[in-house]
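> Each chain, letter by letter, is given below.
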Amino acid sequence: MSPTTQGILVLLATIAIFLTGAPVAFGLGFVGIAFLVLFQGPDSLRVAAETLYSGLHDFTLVSIPMFIMMGAAIGSSPAGRDLYIALDRWLYRVPGGLVVSNLGACALFSALTGSSPATCAAIGKMGIPEMRNRGYPDEVATGSICAGGTLGILIPPSITFILYGIATETSIGRLFLAGVFPGLLLTGLFMLWTILYLWRQGFRAYAADFRYSWKEKFLSIPKVAPFIIIVVGIMYVLYGGIATPSEAAGVGAAMCVLLAALIYRMWKPRAWWEILRSTTRESVMILMIIATAVLFSYMLTSLYITQTLAQAIADAQVNPWLLMGMINVFLLVCGCFIPPAGIILMTAPILLPIITAAGFDPVWFGVIVTINLEIGLITPPVGLNLFVVNAIAPDVPTKTVLWGSVPYVICMILAIVILSIFPEIATWLPDYLMGPAVGPGK
Amino acid sequence: MDIFIRAVRALSLASGVVAAGLIALAVVVVCQMVFIRYVLNETTIWQTDFVTFSLVAATFIGGPYVLMTKGHVNVDVLPIYAGPRARWWLALAAILISLAFALVMTILTAQFWHEAWENNWRSESMWRARMWIPYASMPVGLGLLALQYIADLIELVTGREPPFGITSQTPMPAVKEAGI
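These protein sequence lines are chains A and B, in that order.
Under this note's numbering, the residue at position 438 of the first sequence is numbered 438, and the numbers go up by one with no gaps.
Under this note's numbering, the residue at position 139 of the second sequence is numbered 139, and the numbers go up by one with no gaps.
FYI, nobody ran anything at the bench for these hints, they're computed from the structure.
Using 30 Å as the maximum straight-line C-alpha spacing, the simulated DSSO-like pairs for lysine-lysine come out as follows:
hint : chain 1 : residue 1 : chain 2 : residue 2
1    : A       : K268      : A       : K223
2    : B       : K70       : A       : K268
3    : B       : K70       : A       : K399
So here's chain A without its partners, still in its complex pose (with noise of 0.2 Å):
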């Protein structure tokens, strides 16, 4: 049987079991392990062991855990509250102040936790019933929260970042830095809609007469900078070549830890015992993703499916736009179904040696399929971001909630062809600051 063959019933068998419900992890592997024993006998299976355990074997990979940690840390004390006060209160002149505010509290929020629901249920739980309570659209309030949520996986410290670079041998220093233009533009372009929007509406949120005291807004400050600091830190740690993202992630997490612990005085053992569990489970569900896509992805090129599909692409002589635009469609299908960091390893390998083929670069793909990744949390029918939206305000309909996120989703489709055409919002930074790129994938 020809390599495209196999690849199309490889293809075929995953979603189908995949559409069953089981674990990504677990569905990957038996697809792994069924499809060597088909096509190669039961012998094959000998170097299964050793391949599921080298893809864990990796220093790098530590810093996955470490990161989750400081965000299940923060995530679990009361800091998203505090954030959203203190951005309120310095941002609240600005039209459509509020959800200005809110938007700014979830990229940073997003950017300390890294998690996209956990960012909506924070920011949302405080912003959404704030918003409507002063009077703003329930589209808005929804949407926006929505959107919000899906920054953190484009703003560093990113774990789906560290997936592909993991997954494509690209450097996770350079990937990180390569998201912080595309992500700042990103929240630009969702605050400038909302403020159009608003603005189009005629709507005013504060009285005229309204004032916060300067002491309120100096109040506002001590208890986030803290979390700040260890972020800006940890960035400086990260570029200044002092330490691996693993060490710094490893003394981040412990910082926030510590920090949760002092500020919000979370010192009962249940309180530690939350955090450790939810980073358990976040951390072992991903890790074992990890293991079992490199036992998949061993198959794939042991049955020369990758190398086939790499070849006859470059064969094909596609314009290399058309191509990374069908890429685009098909990672948006993809994110529609499946959660990012099952998207990214199993794709990233096949998808790496066509994009370098056609003279893209790899780290400003990264960023690329990070957006494509984030509209899919927004998108139904597994958009993680609007079932949490729906869960904090169940009486505005799901309709609502959808249709305010489409103009979000337009913005991020607009991103994508913003860094297409100026890639060098991605590049100019990790290269301004580690200098060019050396060689594909580096």
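Chain A is already provided as a structure; the job is to place chain B on it using the hints.
Quick look at chain B alone, frame taken from chain A:
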């Protein structure tokens, strides 16, 4: 039967506690390593290996606990929108597929562990760690995972637990995840 299910659940909970402990230990060791390397300016020998091994072990040993608490992400479009009968069949297929993977890998990783034990494999780093120790986490974790899947299968077939834990009143998994 109930005793079996309760025993498996207790084992899975214990595995979760062990995995959480390993992760916590890894954080402490990373901090210790950073201190030695950047404050005392000395070289470290065992820390990198130890942290990597701990997290590999935490992943495999934590697997059954995460399964018990329904934390392994899946594509839940069909299970959510399917009717109760179809959902039951989907759950059965999902459990059997995952159970098959867990069983096959338990055997393969046990053989791999045995090889490392017999030949006294050591890590290539300065620490020269005995590799059978981290390798042991694979058969142990995957074996417990298979047990938890057998318990899930019994619960599904005997009707103790609804398929995917979805009832008409259950909130969406994502919502539970976000802790609302």
